[in-house]
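J.: Next come the chains, spelled out residue by residue.
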Amino acid sequence: MAREFKLPDVGEGVAEGELVRWLVDEGDTVTEDQPVAEVETDKAQVEVPAPVNGTVRTLHWDEGDIVPVGDLFVTFDVEGEAPEPADDEEATEDEGESDEAAASATSEASGRTFAPPSVRKLARELGVDLDSVEGTGPSGRVTEGDVRAAAEGGEEAAEPASESKSATQRVSGDEPASAGGAAGGQEAAGREKTLAAPATRGVARELGVDINDVPAVEQREGEAFVTAEAVQAYAEGGQAAQGEAAAGGPDREFAEGGETTQPYRGIRRTIGEAMAESKYTAPHVTHHDTAVIDNLVKTRAKLKARAEAEDVKLTYMPFVMKAVVAALKEFPILNSELREAEDEIAVKQDYNIGVAVATDAGLMVPVVKHVDQKSMLEIADDMNELVAKARDRSISREEMQGGTFSITNFGAIGGEYATPIINYPETAILGLGAIDERPVAEDGEVRAAKTLPLSLSIDHRVVDGAEAAQFTNRVMEYLSDPELLLLE
Amino acid sequence: MVVGDISTGTEVAIVGAGPGGYVAAIRAGQLGLDVTLVEKDAYGGTCLNYGCIPSKAMITASDVAHEAGSAEEMGVYADPEVDVAEMVDWKDGVVDQLTGGVEKLCKANGVNLVEGRAEFAGGDKLRVVHGGDGQGSETIEYEHAVVSTGSRPIEVPGFEFDGEHVIDSRQALAMDDLPESIVVVGAGYIGMELSTVFAKLGVDVTVVEMLDDMLPQYGEALTRPVRKRAEELGIDVHYGLAADSWEESGDGIVVAAEDEDGDTTEFETDKVLVAVGRQPVTDTLNLEAVGLEPNDDGRLETDHEGRTDVENVFAIGDVAPGPMLAHKASKEGQVVAEVIAGEPAAMDYQAVPAAVFTDPEIATVGLTEDEAAEQGFEPAVGKFPFNASGRALTTGESDGFVQVVADEESGFILGAQIVGPEASELIAEFGLAVEMGATLEDVASTIHTHPTLAEASMEAAEHALGHAIHTLNR
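Protein chains in written order, with this note's numbering: chain A, -1 to 486; chain B, 14 to 487.
One chain only, chain A, in its complex shape:
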């Protein structure tokens, strides 16, 4: 018997996921819980397991597609039951649905959406499909507010599948060879072997072009040879073609000189929404100061070798985290969350420090849990592992949740001061500038000292400027004199 497998809610309440790749082919035998696909949701990449033992009959989507949760994903032939003839599609579907009707929640099974007549009318007026609205009223009844919210967030919600599919193809920087090649009238050459200078290969990688797809400039030693210019031309051909394709759409106006668009969705959109929520909710104040850290530099240099012996890469971050936690214990109000609806400020007992990480897909903030209970090496080890997971997108949602205070190390790329945005609903975030030699005036003299610029943003509803300054002073004290951390 066939089992129609719909894409489950792979995160918490996510509406869709991007099918990154299939891990099985049609006809493959699978066992229950064997991963069949990798799907990327708003913040994490997950593996979707097979629900049954059997064989894969149909994979219903292509890699790169955005698949709405609840849409038919894979059809399996369940083991031990004779597969039905493939042309018996309709019967198969019917059966799958009735099976599911029996199994799933009653209200869904009946397909009825509960909403008062006034709300149903409003939905028609606003062009909202009532069945797609998630009700927040008693027992899940759809309210007026639900319909209005759906209407406002509606543009992309309205036609998720078709809209997003084309949008994804437009920006598929990962495989412009196929997208650009086809659209631009340039055939992807698709060779197995290509001769090119290392610099040319670098250009190809930079532009996301598969060098084997670039039309050959000439033959050398019987093999295709490609230049950097050829790679560039091929990439541009693709881009121009994308521009044309986009311009072909109705009522789109492009700035002179052209523009390319990319969809605002997925991780980018999640980041954007989180930033907007934080900045528009919490009045930010950023306090700046500079820690003189000659001693820390020496200490770290000394400990680094020891850490390496234990296979741990020791950066400055664990020291900052330790210093922050020590200071938070003294000023716990910075380790808090304002719950406006409940008229209360929750001061956290845990010291879970989020570390902002720039990844290819965008900003992520993995959380090192219980920093106060861990040794410097444990912190370093945990953090390194989480950062690596964030970079290769294997990090789980849980590993990015539960933070009580965050640190962002923009100085790793450069710069001194910034105005970090709080990782809401946390109350404070510490930004680290680049550690460098800077002039420091001491006892009437200017000397070159290793310094670390600090930028502490606080939610001024909860924390006042004086507390921010005192907290920063304490952090600086620990960083200037790291031996103090031995007491922690």
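Warning: the hint list may mix true and false statements.
Stated by the list, open to error - The calculated DSSO-like cross-link candidates involving lysine-lysine, where the alpha carbons are at most 30 Å apart (straight line), are:
hint, chain 1, residue 1, chain 2, residue 2
1, B, 138, B, 69
2, A, 296, A, 346
3, A, 119, B, 53
4, A, 346, A, 387
5, B, 120, B, 344
6, B, 344, A, 119
Don't read these hints as lab results, they were simulated from the structure.
Since the structure of chain A is already known, use the hints to place chain B on it.
T.: Frame of chain A, contents of chain B only:
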């Protein structure tokens, strides 16, 4: 009245001024549309003139007479004398008041009223033939047409209505004097309502039903109090008999009915009332001219906006699919008027309530327990008997019960079935509950006036939740 053939134009032409058509006309008028309403007979249609309203008037009048004469238990001794002609006059007065009101409302909303029988003439035109000789005809060019021609009683072969011996429900409600006996063919809601009226007025009533149950769509539990009451009233009900033929015999007639084995039973009676159902009226419309054809039920298929297969032709009420009920027709009338005016209206109701004005009344809305289970719900059912209701006992009518069906998990109320006093009024609360997506908790937590019959609805909801006060929670 205009003589000769003239031509007018209108934005909305509505054919039939029953509870579907006149409501559509008034709403369209309210929305600023130019509306023409064509009626061949009487404003208000069957419902106001020959159906719902006059039958309810006669039911009430016969109840008064019957109750007055059968209240010895309460210490009331009376032997009411009934003048049926006066009773019918009173009923006609009620009907006139209502139909006059409909005409006035139409005019007040700018509806052009045209008398005559309309048929499609092709090219977005209706031809209206005026009644009477030499009245001529008229052509109405429309942008949108609404078909609301309603239904007529089904004739049983061999029982053509003659108004004297073989009558339909309309004629039954307009008698000058009562027969001594009557045979009613059909134990559906019309047959049973009228049988009850006649029995209460002292007529010897025999019901002949082809199927083996009374009001079969409602099920055994709901109809049991009605069957019991019919028996008490002396109504003689025969199941499994098909009326076959009749012939005059002396002062009266003899009706022959056949069972499935071909055995014939004969009934001597004064009159035979045929009430076996109603059929949609589409044959007078010349539908071919507009390219429409009725389905196998004789109805015009419509979409969720009431639109037929022809873009600018709508159908509502008994000629459209669904139960033949005035309130359903009215709702559809409102929806199509709004759709024509460009508003985002649709037939999005969850349930159409229905009532049978037998003794006691039966009323339902939404899903039964079985239907809920079929649709994939886990039904939770609560029931409250009227013999546990203080108010019911004080009216002397304590047969029956209120039953509510909800979704076990969410508590959403899916339907209700009531048999008992004022069931037709009580069902409205559950109609609102079903449309609102109200839960058992919502109804159970609402304070209901004491002492009233409506408390039974609250108790039924509490019963479904397992904590009714005045009945055992099993």
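J.: If a hint holds in the structure, say so; if it does not, say that too.
T.: Verification of the supplied hints:
1. Only pairs whose Cα atoms come within 30 Å are accepted, and residue 138 of chain B paired with residue 69 of chain B is rejected, the gap being roughly 38 Å.
2. Of the pairs offered as hints, the one joining residue 296 of chain A and residue 346 of chain A is violated, with about 33 Å between alpha carbons and a cut-off of 30 Å exceeded.
3. For the suggested pair residue 119 of chain A and residue 53 of chain B, the alpha carbons sit about 35 Å apart, so the restraint of at most 30 Å is broken.
4. For a cut-off of 30 Å, the pair hint linking residue 346 of chain A to residue 387 of chain A stands: about 26 Å separates their Cα positions.
5. Proposed proximity of residue 120 of chain B and residue 344 of chain B is supported: the alpha carbons are some 20 Å apart, at most 30 Å.
6. Of the pairs offered as hints, the one joining residue 344 of chain B and residue 119 of chain A holds, with about 14 Å between alpha carbons and a cut-off of 30 Å not exceeded.
Of the hints listed earlier, those the structure fails to meet are numbers 1, 2, 3, in rising order.
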